[in-house]
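Let chain A serve as the given structure and place chain B on it in line with the hints.
Spelled out, the chains give:
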Amino acid sequence: MLEHILALLPQVIFDGLILGFVYAMVALGYTMVYGVLELINFAHSEIFMIGAVVGVEVFRYLAPHVGNGFLLLLIAVLLGGVVAGITAILVERFAYRPLRARGTTNRLVPLITAIGVSFILQDLVRLVEGLWHNEFFLRMRTVEDLEGSVELFGGAIFAQTKSFILMGVSILMLVGLTYLVNRTKLGVAIRAVAQDLHTASLMGIDPDRIISRTFLIGGSLGGVAGVLFALQYTTITPYVGFLPGIKAFTAAVLGGIGNIPGAMLGGLVLGQLENFFGTYLPILTSGNFGTEYKDVVAFLILIFILLVRPQGLLGQVVREKV
Amino acid sequence: MRKIGLLVAGVAALGMALGQANVIKIATQSPLSGPQAALGEQIKLGAELAIEEAKAKFKALGFDLVLVPYDDQANPDVGVANANRIINDPDILGVVGHLNSGVAIPSSEVYARVNLVMVSPANTNPRVTDRKLPNVNRICGRDDVQGPVGAEYAFNNLKVKNVFIIHDKTAYGQGLAEEFKKRLEALGGKAVAFVGTEETSNFVPIINQIRGARPVPELIYFGGIYSQIGPFVKQLRERGLKTRLMGGDGLDSSEFVRLAGKENAAGTFYTTVAGPVSAFPKAKAVAQRFKQKFGKDLEGFGIYAYDSANVILAGLEAAIKAAGGKKPTREQVAQAVRQVKMEGLTGTIEFDDKGDNKKAKYFIMQVASTGKWDDNKLIRVIEMAAPGAR
Numbered sequence: 001m002l003e004h005i006l007a008l009l010p011q012v013i014f015d016g017l018i019l020g021f022v023y024a025m026v027a028l029g030y031t032m033v034y035g036v037l038e039l040i041n042f043a044h045s046e047i048f049m050i051g052a053v054v055g056v057e058v059f060r061y062l063a064p065h066v067g068n069g070f071l072l073l074l075i076a077v078l079l080g081g082v083v084a085g086i087t088a089i090l091v092e093r094f095a096y097r098p099l100r101a102r103g104t105t106n107r108l109v110p111l112i113t114a115i116g117v118s119f120i121l122q123d124l125v126r127l128v129e130g131l132w133h134n135e136f137f138l139r140m141r142t143v144e145d146l147e148g149s150v151e152l153f154g155g156a157i158f159a160q161t162k163s164f165i166l167m168g169v170s171i172l173m174l175v176g177l178t179y180l181v182n183r184t185k186l187g188v189a190i191r192a193v194a195q196d197l198h199t200a201s202l203m204g205i206d207p208d209r210i211i212s213r214t215f216l217i218g219g220s221l222g223g224v225a226g227v228l229f230a231l232q233y234t235t236i237t238p239y240v241g242f243l244p245g246i247k248a249f250t251a252a253v254l255g256g257i258g259n260i261p262g263a264m265l266g267g268l269v270l271g272q273l274e275n276f277f278g279t280y281l282p283i284l285t286s287g288n289f290g291t292e293y294k295d296v297v298a299f300l301i302l303i304f305i306l307l308v309r310p311q312g313l314l315g316q317v318v319r320e321k322v
Numbered sequence: 001m002r003k004i005g006l007l008v009a010g011v012a013a014l015g016m017a018l019g020q021a022n023v024i025k026i027a028t029q030s031p032l033s034g035p036q037a038a039l040g041e042q043i044k045l046g047a048e049l050a051i052e053e054a055k056a057k058f059k060a061l062g063f064d065l066v067l068v069p070y071d072d073q074a075n076p077d078v079g080v081a082n083a084n085r086i087i088n089d090p091d092i093l094g095v096v097g098h099l100n101s102g103v104a105i106p107s108s109e110v111y112a113r114v115n116l117v118m119v120s121p122a123n124t125n126p127r128v129t130d131r132k133l134p135n136v137n138r139i140c141g142r143d144d145v146q147g148p149v150g151a152e153y154a155f156n157n158l159k160v161k162n163v164f165i166i167h168d169k170t171a172y173g174q175g176l177a178e179e180f181k182k183r184l185e186a187l188g189g190k191a192v193a194f195v196g197t198e199e200t201s202n203f204v205p206i207i208n209q210i211r212g213a214r215p216v217p218e219l220i221y222f223g224g225i226y227s228q229i230g231p232f233v234k235q236l237r238e239r240g241l242k243t244r245l246m247g248g249d250g251l252d253s254s255e256f257v258r259l260a261g262k263e264n265a266a267g268t269f270y271t272t273v274a275g276p277v278s279a280f281p282k283a284k285a286v287a288q289r290f291k292q293k294f295g296k297d298l299e300g301f302g303i304y305a306y307d308s309a310n311v312i313l314a315g316l317e318a319a320i321k322a323a324g325g326k327k328p329t330r331e332q333v334a335q336a337v338r339q340v341k342m343e344g345l346t347g348t349i350e351f352d353d354k355g356d357n358k359k360a361k362y363f364i365m366q367v368a369s370t371g372k373w374d375d376n377k378l379i380r381v382i383e384m385a386a387p388g389a390r
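Protein chains in written order, with the numbering used here: chain A, 1 to 322; chain B, 1 to 390.
Relax, there's no trap hidden among the hints.
Just the calculated beta-carbon pair ranges, DEER-fashion:
hint, chain 1, residue 1, chain 2, residue 2, range
1, A, Gly148, B, Pro281, 45 to 55 angstroms
2, A, Gly148, B, Asp374, 31 to 41 angstroms
3, B, Pro387, A, Asn68, 55 to 65 angstroms
4, A, Phe94, B, Ser278, 53 to 63 angstroms
5, B, Ser278, A, Asp145, 34 to 44 angstroms
6, A, Asp145, B, Ala171, 41 to 51 angstroms
7, A, Leu131, B, Lys293, 37 to 47 angstroms
Keep in mind the hints are simulated off the structure, nothing from the lab. Even for Gly, the Cβ is constructed at its ideal location relative to N, Cα and C.
Bound-form chain A, shown alone (with noise of 0.2 angstroms):
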């Protein structure tokens, strides 16, 4: 039994760290948002899903023609960066911004119009997809330099091409996130106004400019996460950002919500957790709890750790602005 267990460890940990990365890059995006307006943007789920579709298309359009497919995908992370970023600051101009311009104080109501946008994006995917390929499945096309795979350790992992890409790719844009937020100027007004939104705007800085910028990165985030889980896990649907999208919210909040690294651990724990008892479950229970029950033991620890710590992993306890 042990045995049995520690034999698929590698494997199973090194596969928890791709899901962690991708909850993490979407985690950012919630986070990030929270931070600056304590909003649950819940239509960041479907930013991930459009950057997930823009990779499906720009791999169905141009694998013919570009031959490299380390560019192509280049091509479809910068892409699908771009689209969902645009989408997630037109999400904010149009939907958010009205709301907060007529001073709307009650936090229900821009949470409802997230549910609501998330509804639309969804539906509007799928029709331009059914217009335009009569396809519901949408499948990422195949692209032999990153089918590519190595034993490491002695076949104790097998890794492929585009996980270390995708690893790679999220790491560089988690430190580039870190390092933008402390050490830039635009990092220091996003900090101002997530600290306090009506003393930033004393200070010289637009509150409604940053929170654009704000959307931006965090929407691009999503989408080069959304490209990149197209190119690991393959099939997308319109509705494929809720589970990834509840996930990487509940990452957030278990990092600490608003905190960047905190947001960043919490996706990593939480995809450990989930590819742990994916696997083990079955094994652990003989059979008795299958597979389908491990987001049940994955959020019953999430809960304890909450219980324990309600400010996160990483946050602090802050007193209520006055």
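Just chain B, lined up with the frame of chain A:
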């Protein structure tokens, strides 16, 4: 609304008024418009050919045989509306149809009100006959027999002992997987694991389980739909696992190849209730007549519809004789059809007390490596009785 009511009453009255002593009509109900029209048309044309060929025989008995096709648009509402029109035409003594179980089930409740016999060429849902309506019969197989058929083939022919079983937690997929497991274990095989998942994108945890499972599974059985099995098998093969795969007719779609990639899909086994034309050697001559008459190729559902119509005609003939040459009632026809025993293109047709074919045919297919769904190979035909009639 009132106008429609008047219209319905008018049509009904017209039907009554025109009810003629020497005309017998057989109706077909199948989608003749919309995305499934190609399949529905096969049902209509298959029945039409059988009726054309029987015209002379019924003329000798003193009756004019007429086919009346209805378009159910693969839509339960339309099917039921048509059924109401059908039962109001007293000359209609039998229905061949439908294509979709979801349409057949409510429509057959309407036929049951007047004991109008229906013989289904294509409806595989267990509930079609499990309601034990005396007027509902089918000549094709049932969804819930596919599992045992797959298990028999895997154990006896593929010589597989250890199977990793996955299902999609739906009534269809889980039911299929459970029936597969039951039969496999009865034969002496072993289900290494029995796993349900609603996952549609990340199958990695399950693939890792397969990798680590002991004893090593020689086959993976997936009770589910192509949209889930496609990405699953893609990820499975990408990760270097070559274990053979089997599924039910939820996999029977060219979309499966598209989602899995043709090199990953190739070699996958699946069971289905609707065999390809090549499975029926007796259909060759009929296919030629079909092509001559309609200018189209005879396909699977056309063969089943041809047989369905002939079952009704055989019952009708017996009922006419029993009624002393007079036009029989719908109830008499329904009773006679249930008693029919005949050799059709698809094999022996004989109904049990629920209206299931006593020996329905099931087909083991294997996905071709060409990526074209029509190239899939017919491996074996297995006859098996419906549950409850063994």
